[in-house]
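2 protein chains.
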Amino acid sequence: MPDKSVNVLVKREVGETFAEEISAIEPNAVIVTTDQLDADPELISRIDVCLGRLSVEQFERASRLKWLQCYAAGMDWAQNDAIRRHPALLTNSRIHAAPISEHLFGMLLMLTRRLHLAYERQQAGRWKRPDLDEVAMIDGKTLCVLGLGVIGRRCARVGRAFGMEVVGVKRHVELVTDVSEVFGPDRMHEALAAADVVINLLPGTEATEKLIDAGAFAAMKGGAIFMNAGRGRTVDTDALVEALRSGRLFGACIDVAAPEPLPDGHPLWRMPNVLITAHYSGIHPGYDRHVEELFLENLRRFRAGRPLINLVDKQAGY
Amino acid sequence: MPDKSVNVLVKREVGETFAEEISAIEPNAVIVTTDQLDADPELISRIDVCLGRLSVEQFERASRLKWLQCYAAGMDWAQNDAIRRHPALLTNSRIHAAPISEHLFGMLLMLTRRLHLAYERQQAGRWKRPDLDEVAMIDGKTLCVLGLGVIGRRCARVGRAFGMEVVGVKRHVELVTDVSEVFGPDRMHEALAAADVVINLLPGTEATEKLIDAGAFAAMKGGAIFMNAGRGRTVDTDALVEALRSGRLFGACIDVAAPEPLPDGHPLWRMPNVLITAHYSGIHPGYDRHVEELFLENLRRFRAGRPLINLVDKQAGY
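Just so you know, the sequences run in chain order R and Z.
Its first residue numbered 1, the first sequence is counted upward by one per residue in my numbering.
Its first residue numbered 1, the second sequence is counted upward by one per residue in my numbering.
One or more of the hints may lead you astray.
For chains that are exact copies, the list does not tell them apart, and a pair is met inside one copy or across any two.
Below, simulated DSS-like cross-link-like pairs (lysine-lysine); rule was C-alpha separation at most 27 Å, straight line [as the list claims (entries may be wrong)]: (1) K210 to K4; (2) K128 to K4; (3) K4 to K170; (4) K210 to K128; (5) K4 to K66; (6) K221 to K170; (7) K128 to K11.
Simulated from the structure, these hints should not be mistaken for laboratory data.
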């Protein structure tokens, strides 16, 4: 008798409701937890569907795996030949548009409105305003968004509402709402030269490795602000430090770094006009539940043989 | 021979260009500086036009004054019977929509994304992210804007771009772009009850004095965030402290306070989830020049007998 079970490995905690929701869609679902997999590593060879990452070694042994849904958006971990060759479909979670746009504009406005310095004064109980020319306005300025996926398009919309003009860089050039000019990757330096604020959302792939190098910083407007919520490895960190130190950039807001975590004593920690958050721009309450909802929708599609949402192009790496 | 000169008192520094621009519009203009007025206080009786505030005493003696343009937006200083009775027109500078909306959303996102705590960790060189449920999203939340003038409407537009629903309170109820429901002052508590975030932009008048009192805080949703960039006196500060202390409010972002400056040792300085800036949300580089441009446009209109821009309703007080 053929094994009709569909073995679903779930890498995070499985609530009762979620288990029921899975079974309602796929009556043959058998949920496998990480505890069970730890107890019997051979189980990996019988997994059909997985929610959460696998190691390369696990991937190589997951001969029945047909589809893997990630909790994260970044697919750096899957840039490996064994995973690329594996026939399983990969889907990621592109649920970060709202939190990352909120996080980035929060950091940007904190820097331009000197709110970090106001917070220091607040700690000291001191009521003192900065001089007029210490603050900056983003209204009327130009924003360049590198990577116009769902996050980049949301940043463009918010930038427009704040009165910014928005340009952007996208692998496949097309018209994008709220973006006045979209440049291809070969014209990235032109796009950078136009901008007072650069938001980098590039994925970490071989093609983007240290793409933001000394030449890119030299192409930027003097006094620009550089922001990174893509991947740290897309930036040459030494070149960033130098661009800040030389005064070419006004400042930087970085949620991702290379290396990560940013090591003790790294010069970025204490540079003026640099704001650093610990790779958390995408987190928000209910995050895991949002991924579960996406997984359930994809499970319906998977069963019906319909196209999955947020399918990753394994060759492109995102 | 009648005195054809139009005496223009300018309370701040007068650059050569600005003086020429004034003369180009009004060939009979004679610019009077504060130094000249200090040397001869009687000059006040011969001033026709003034850029900048006057004291009540000066107003009473400014018998020729026909129009006064303020650098600021707030007209608290003019809520005086002598000034109300004086026939001079008052215009203010409503040039704060961009800087104040940037400032307020900067403070709000700093609080919701825990960027103030990230800044503390950065000072200590510590790479550590908050837990998922420590951050909050503004996407999908409801914003209530008290006062839908140019600043409030700009906040509404930005809130919408961030995915918020926006309601508001306005003295004269009318349809407002980006605002799904506009309430009259008599229904303010209803508007407050709907909101996760309240932005107070009310002017300081007799009608708004301590309008945001214990009852208003009680009407707000549990866990709401209260923001103030209007006037400190529109809020009962003790009631605000109590609403924060009791946990009814999640937090507050205040750029104005009563009293102002906020005194040493005031409980607000050290309360968690309270961010304080020293009444500077409206400042921006080029501020004085923006007022000069507004003044020049109004001078053209004044000469031509056309309606002035940003005319203040002396009885309403804004």
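Structure-based check of each hint:
1. K210 to K4: neither (47 Å within a copy, 69 Å between copies)
2. K128 to K4: neither (70 Å within a copy, 45 Å between copies)
3. K4 to K170: neither (44 Å within a copy, 64 Å between copies)
4. K210 to K128: between (41 Å within a copy, 24 Å between copies)
5. K4 to K66: within (15 Å within a copy, 90 Å between copies)
6. K221 to K170: For K221 and K170, only the intra-copy Cα distance (20 Å) is at most 27 Å; the inter-copy one is 42 Å.
7. K128 to K11: The answer is between: 23 Å across copies meets 27 Å, while 50 Å in one copy does not.
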